[in-house]
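Both chains are given apart, each in its own frame, so use the hints to dock them into the complex.
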Amino acid sequence: MRGLPMGLSIRGLTRTFPGQGRAAPTLALQPTDLDVAPGEFVSILGPSGCGKSTLLRIVAGLDRPTGGHVTLNGRQVTRPGPDRGMVFQSYTLFPWLTVRQNIAFGLRERGLPEAQIRETTEKFIARTGLRGFEEHWPRQLSGGMQQRTALARALANDPEILLLDEPFGALDHQTRELMQELLLEVWGADTPETRKTVLFVTHDIDEAVFLANRVLVMSARPGRVKAEVPVPLPYPRDWTVKTTPDFAALKARLMAEIREEVRKAALA
Amino acid sequence: MEPLKPVSASVRVLLGIGFFALFIGLWALVTLGGYVQPLFLASPGRALAAGWSLFTEYNFLGDIGMTVWRVLGGFLVAAAFAVPLGLMMGAYKPVEAFFEPFISFARYLPASAFIPLLILWAGVGEAQKLSVIILGSVFQIVIMVAVIAGATRIDLVEAAYTLGARQGGILRRVIIPAAAPQVMEALRLVLGWAWTYVIVAELIGAQSGIGHMIMDSQRLLDTGQMIFGIVVIGLIGLVTDLLFKALNRRLFRWASL
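For the protein sequence lines, the chains are G and A, in the order given.
The working numbering numbers the first residue of the first sequence as 1 and each following residue consecutively.
The working numbering numbers the first residue of the second sequence as 269 and each following residue consecutively.
One chain only, chain A, in its complex shape (with noise of 0.2 Å):
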């Protein structure tokens, strides 16, 4: 091994399957070597036979369902408030040392925290889950987006101001496109932190959704199912991450020349 060397295709995919084999043999050497009692951790083999009866016995395909839902449709309406106000913060200074303190200060505020005082206001619908999501959303958002268009290259603004451009012609033409490849970046980040902020918020005061599905099980204590529960979140952040990185490729693909 040397510093910095990069490492072919094939070897890199080979070694991160392997990571993924380790594991689960660890894990099987563990559980089934008899080393940890099956109350606290299934085998993998319980635990993928779990999540066997999980889809034919229990609707566990409308869980999923629930729960994607309710992450992208709270992320979707963070994101249409947060993205404007972030790109505005961004490009007007005085904008920016308006809103710039107090959303610092409320990013820090826990989501979770809150679901006490949702349950309250919004009772235990859905209203309460996307609120869950959209308050721990936001404020990230509109933080990352405001330092992202703040950090448009000075000379490109002045560059199309000498080609006659103005303010709108600015913002619209040049600080919206410059940030946009790095917006999505942004939001792909954001988007995985909201997957935890759902769970928890499902954890309470749901009817439905993975994190109710594990609720549930911990009162079977059915470890198997618990197990298969996180996997399936794990396998569902893997997926959008790469659609999300796939989407970026193509819509900027000046950006990864």
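So here's chain G without its partners, still in its complex pose (with noise of 0.2 Å):
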């Protein structure tokens, strides 16, 4: 591709927010620099308020940063757009769509022709385990299944990276484990070449180290990438994972990084 840099590469992005009246602007992200091969699975870990939610609105092209900037695949980010895929942490299906709908709409604002947008969508409703709820409303389905037609939704677009907001924050501890499992089983569906690029933003230490073959620990505010940790743990990875000795280590490691950055946001 003409020798420009494929992937994810983030450039001294920086993000201050406006103060409030008289209150000082409020600095969100320090002067930051990543960079997320294709294929890669990318967890940010931070504690709350840190910036990472900002780091990953502003790759979706839906906040501004203040100084830097995203490129991917060679192509500066400017604007949202169906090469980045999102699920949110809030619950974000449309809710006068069916479940089929809210799949296909992004197929559909992209003007396909209606057999590939069909074909599409129930290739990812098998995917995700969305056979016989099709016709549901959002408001018919519980949590999990509605983040999993979010995620259907995001992936049948075929996104160049997904970006994942806290996606199973507002779930259950064990819908939780059985989303992460879901989310690993779709992901590694695909050949180890043709995988999607995922950027997965959480604040939960299992989740960043059962799901990312690299795991980021941000500071507390003003947020800044204070730490790497890849994880070596070969794919594709089930529950048991969490109970061998490398992921407690792994897992000892990456606590005592985030219990200080916790502590610094509690008291700041």
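Rather than coming from a laboratory, the hints here were simulated on the basis of the structure.
Treat the numbers as computed from the prediction; the structure is a model and nothing was measured.
By construction, the Cβ of each residue, glycine as well, lies at the ideal position given by its N, Cα and C atoms.
Take these hints with a grain of salt, some might be off.
Chain A stretches covered by chain G per the calculated footprint, using a threshold of three residues with CB under 8 Å from any CB of chain G [stated by the list, open to error]:
{"#": "1", "stretch": "422–433"}
{"#": "2", "stretch": "471–480"}
{"#": "3", "stretch": "518–524"}
So, in structure tokens, the structure goes:
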């Protein structure tokens, strides 16, 4: 591709929120550099309010950086687009559309032929275990099923990168663990060469380690990447990984890193 | 009775009918008991009899039809202008900034106070009757629709953007469907108000309609006919309200789940 950098590249990204009234402006993100290679699964771990969601929203094009820039496969990010699929923590299914219509939303917006929309929608209904729920309205679904649909909706659009902003944050613990396994299953269904690049924001250490092949720890506000921990556990992973000594060692290391930041965040 | 405790469907219906019965009972008591002179208030029986003669002798059905057509005609014209403008105002802040101050002012102008002017401009024909209703409804609808559309969940809009939607797609396939059920509720409310405007319009310079009939009855001191006319307005209002609600439930099943 004409020597352009592939994958996601973030250079000197900063974000300052203007102060309300006479309050001083808030620095949310210190100059941040980050590279994510195609097919990588990166977790961004940090305490609440550390700017990790801000970082993700800038990559999505939903927020503008104060300085620096983001490029995806050589193209600079200036606005939201279907090349960057996103799943939010809040339930963002369109309540007036059925599960099937929600999954087809992006495909319809892009004006794809009806046959292709049908085929793709069916594929992701099957992959995310939504068979039998196609004609349900979002209000008839549990939180877990809604997030499955949101994941299918983002994936059906075939984005170059998947941005996940604490997508399982509102779910109960058991559902959450099931959804983590489902996510890995769906992501791993593609061959290693064609797997989606994933940026996964969370404050849950177990979740960060279980899913990613690299975990970035962010500092308390103003956020910056303070540590980078590779996760050498082989895929495919299932829940039993969480009981291995390797997992426990990674978790202990990340816990030490994050505890300090959580304490700072609590005092701030 | 416990606070906020729900009541069963049958008890609810019984209680609802109960108050109607109590109301009519009291009415019968004060009129038939001789506490109020028939000149001022007719008894329920007299009102019913007057109603019968209205239908059989005075073509009251024609009056009703006339009034219903005026209300619906004026209301539909108002909605056809106001709903699109309200949606544009809710969706696009510069449009809102342009129209909102004027419309906030205009909606406090009493439609009934315009009747003399409207007669001057449009005569005493149908155009004047419709104008009163349009004037009374249009600004109310605009403001309510603008508020509803402006309150569209921003996370749904953002989700649509990340799925590849552009400006037009956001308006047509996110803001409008999200606002639709509440817009219909707002229309239901304004339709109720339109009924009060039409009667006022018909009290002055009209040759037909329920309001005109009530005015005629006053000249003849026929309180039975007047009361029957008022009750008919209430009943038509109730029926249109129920129809509107049923339509909304059918159209927006997703919203009532």
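Structure-based check of each hint:
1. Given a C-beta distance limit of less than 8 Å, the hint that chain G covers the stretch 422–433 of chain A holds, as 10 residues qualify and 3 suffice.
2. Evaluation of the coverage hint for the stretch 471–480 of chain A: breached, as 0 residues show C-beta separations to chain G shorter than 8 Å, against a requirement of three.
3. Check on the stretch 518–524 of chain A: 4 of its residues sit with their Cβ under 8 Å from a Cβ of chain G, so the three-residue criterion for coverage holds.
When the structure is compared with the earlier hints, a violation turns up for hint 2 alone.
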